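Read top to bottom, the protein sequences are chains D and A. In terms of this note's numbering, the first sequence opens at residue 68 and continues consecutively. In terms of this note's numbering, the second sequence opens at residue 92 and continues consecutively.
It is worth saying that the hints were derived from the structure and are not from the lab. Small disclaimer: the values here were computed from a predicted structure and weren't measured. A couple of the hints might just be wrong.
Listed next, the stretches of chain A that the computed footprint assigns to chain D, with coverage defined by at least 3 CB atoms under 8 Å from CB atoms of chain D [to be verified]:
no., stretch
1, 125-139
2, 149-155
3, 307-313
Every residue, glycine too, gets a C-beta built ideally from N, C-alpha and C.
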Amino acid sequence: MANAKLWGLTKSPWVFHVAAASCNNCDIEILDVLTPRWDVERFGIVLVGSPRHADALLVTGVLNRKSLPRVIQVYEQTPKPCLVIGVGTCTCHNHIFEPSYNVVGPYDKYIPVDVYIPGCPPKPEAIILGVVKALQRLQ
Amino acid sequence: MNILGILFNFVVFPGFLFSAFVGLLLTWVDRKVTARIHWRVGPKIYQPYADFLKLLIKETIVPEGSSRTLFFLGPLLGVISMSIFAVMIFQMNFDPTSTFVGDLIVMIYLLAVPAIGIILGGSASKNPLASVGASREMTQAFGYELPFLVSMAVIVLKAGGTIKFGEIIAVQQSGGPFLYSLSGIIAAVVILFTIQAKLSFVPFDIPEAEQEIMAGPYIEYSGVTLAMYKITRAMMFFLMPLFLVSVLWGGLTSWWAVLKVLLFVVLIILIKNTNPRLRIDQALKFFWVGLGLLSIIGLVLAFYGK
Chain D
68 MANAKLWGLT KSPWVFHVAA ASCNNCDIEI LDVLTPRWDV ERFGIVLVGS PRHADALLVT
128 GVLNRKSLPR VIQVYEQTPK PCLVIGVGTC TCHNHIFEPS YNVVGPYDKY IPVDVYIPGC
188 PPKPEAIILG VVKALQRLQ
Chain A
92 MNILGILFNF VVFPGFLFSA FVGLLLTWVD RKVTARIHWR VGPKIYQPYA DFLKLLIKET
152 IVPEGSSRTL FFLGPLLGVI SMSIFAVMIF QMNFDPTSTF VGDLIVMIYL LAVPAIGIIL
212 GGSASKNPLA SVGASREMTQ AFGYELPFLV SMAVIVLKAG GTIKFGEIIA VQQSGGPFLY
272 SLSGIIAAVV ILFTIQAKLS FVPFDIPEAE QEIMAGPYIE YSGVTLAMYK ITRAMMFFLM
332 PLFLVSVLWG GLTSWWAVLK VLLFVVLIIL IKNTNPRLRI DQALKFFWVG LGLLSIIGLV
392 LAFYGK
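Next comes chain A alone, as it looks inside the complex (with noise of 0.2 Å):
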């Protein structure tokens, strides 16, 4: 493949421009169907554009006395990992012959870069509230990959031991999706859960808790930089639910995984809704005890092929 076309892969499709546009639509039917649970109008479709666009034209301020390079490196990872991810998700997708050994492993680790842009750039601001912020964060993130990795772990299992991403998408093809099994289900549950506090979503938003530490660690941050941190998380809100159903309900193979990734999405929307906030304690004691024995359990049910 030429320079160029890579370059385009990275930029325009499916990379940044395209998953960053159908990432804000998706906060669109965030912020709607949350307005419709409120029994309210919400905003209108152009709402998500319309505040990026006017977060880029804001002046952006660096707190005095921080690290500079950091702050600005902090949003910055995030986009970066989040453009890759999305190239690599939509190739393997396309094109299932196209993977190499390990790129279920790199992929795990570029979902785990945005928290630690979030962590870096809120320990960078100067300010407690954002450090108080990002604490939290790296707490979270300590009990939320455990479950993850156990839950990736089942999907090797139940793919005959292979790391290589587009080969589990071509399993399930030809031998059907990993979700219609007990093993299955408990690994969506799992990932479902960890999607929520990867996004921050409202059981499990102690990193930015409104209403006692402000924004956490995206205090400090305004303008430009600020627009990256949202459009990180529009993405991964796209990508997420894309990579769940890609390595447990056998991906895209026809428009029907479109309303899968739909599914997810509102499901996604209607936990955040219907759940107040945990602790930082709780929800440690949630991922490490709740859902690192349930993914255990699925562990060995996958392991005896149920």
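Okay, chain D solo, but in the shape it has when bound (with noise of 0.2 Å):
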């Protein structure tokens, strides 16, 4: 029976993009993902429009005062058990904005974050080793 439910949670991965004041690059990329020529479809990954439909958050930009509320507040209203995804070296630390008034800092300070995926942007293959490797953590 939890072998069923893993099964059923590695198989069909529906993501929600959350874009927290990015730079844009990181979603140009994570669109490029969801285009057919790379076709994460295959893998079961659908891109939703409701976080509610969502098992894996993508996130993306560095987490400043007017973001931190919504970021939250999207990862509360996903239902659990979901994954969160980092995409980009903001994800990872401040990056070139750590002086900034505005940066309250990386993600894990306030939400769980699964995998993290360096790079600026990242590739489109690093992005699905990424998502390969946060569900290789499920299990």
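Reconstruct the complex from the two isolated chains, following the hints.
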């Protein structure tokens, strides 16, 4: 029974894209991953429009004072169990925005992040690898 | 018939489990054909089942301030009505004598119930986008029911004025399918577009337009309730082409009927993949003016026996 649950979760991760004030590069790379060229529907990955349907949140961008409450709200709206995948170097640390007055720090101060995908922006292959690693972490 | 047999019919075969299983398989056909049209590989055959299993084990969230009863009633209505519909359509096909007066009308009503479930659920979710989706669903339902009912009248006229579903199948088995006539073809075209709209597939996916109102009425649904909506959709995707084959192409007489159902399924998928989304006013105009006039022409032709 537990195996069946795990199988269902790993074979059909629906992702919701949380663009928390990124510079748009990571967002474009995420859209690239979803195009027919990389075809992530092979692995059951589908982009959904509502956090209520999501199993994985792809968060991008450096966290700032305006986007923090929204990100936490979206995380709380997502039904558990859910994964959080940080795409881009900005999710790992504050990157070049470290001295800024408006930046409140990396994501794992506020929500649990399962996998970080470094890169500015990461390649589509790297994003797919990151999602696969996040799924392996479940097992 | 004993009560266990009836329960078996409703829950296992040909009711809920069987039609859900075949419906999910056809959902995979839909996704695979779509993928091939996009020139990509597409999901594996177990994908819809994995999706369904995953949705069953996810947390179900009821939004704060929503109407709890209606929120759960919405998805349930669709599943129940489609299970009853599956039992009726298979019973009439296997044994056309087991019909009763007006069962065609019961089936038309059962086909309209999932839309009502979506409207109820969407309005109960306390979300502005869900309300917009529910109101669009309602407008669209008013649109497609008119040509659909006129086409049903064509079929009733061609079957000699009977409103028994079993007799319609029996008449076709003795006197040839209704599809092999001009009015039959017109009715088939109209019902095909109606199926497209009832399934909210792409030219008519206005209620749940992913890019404008996210998922429309489904936006607040998660876990088991979303799975029920998905399974209703899958069952409709299987049962409505079957209904079309039953009323126009002679019913489930031989194994050829499987190919006939698949033909309509693939036609629906091709229409879905080669058209852009309409606006709600364009859709309403298309159904009332375009298809409405077409179905009335079909009715006149059927009256003169063409």
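Those earlier numbered hints the structure runs against, lowest number first:
When the structure is compared with the hints, none of them turns out to be violated.
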